[in-house]
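Novice: Work out the full structure: start from the sequences and follow the hints.
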Amino acid sequence: MTKFQQRVYNIVRHIKCGQAMTYAEVAKAAGHTGAARAVGNALNKNYDLGVPCHRVIRSDGKVGGYNRGSRQKQKILREEGVILADR
DNA sequence: CATTTGACGCCAA
DNA sequence: TTTGGCGCCAAAT
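In this note's numbering, the protein residues as written are 61 to 147.
Any given hint might turn out to be false.
Said to hold, decoys possible - Ranges between beta-carbon positions, derived for each pair:
(1) 125 to 77: 17 to 23 Å
(2) 135 to 93: 28 to 34 Å
(3) 108 to 79: 27 to 33 Å
(4) 145 to 61: 28 to 34 Å
(5) 91 to 138: 29 to 35 Å
To be verified - Distance condition first, Cα-Cα at most 30 Å in a straight line; then the derived BS3-like pairs of lysine-lysine:
(6) 135 to 88
(7) 105 to 76
(8) 76 to 88
(9) 122 to 135
(10) 76 to 122
(11) 135 to 105
(12) 105 to 122
These are computed hints drawn from the structure, not numbers from a lab. Remember, predicted model here, so these are calculated numbers, not experimental data. Every residue gets a Cβ at the ideal spot worked out from N, C-alpha and C, and that includes glycine.
Specialist: Structural data, given as structure tokens:
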């Protein structure tokens, strides 16, 4: 586990209900501005449900991907009150 | 050690 | 405005 991932997980863990961060924002918060892809990759390897990775979306407002299925991710976000650009 | 992959992002057409 | 292509970063192979 690299520090980069630790930071990413920590940040994502700080996201509260009804709130969502973009990969770029998380990357910036992790101190690796512009590393949006790396953030997505880190979350991809992460299977810890304690980390609300479903709260992390794309800057486009799209849902993005999810290790449990983007469908489930969209559903959760919708339940949380996060409005998505496109279902 | 070098190359490819991957839950992305931005610019050009 | 929507679709396509190129570029960036970190990790995995």
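Novice: Going back to the hint list, which numbers does this structure go against?
Specialist: 3
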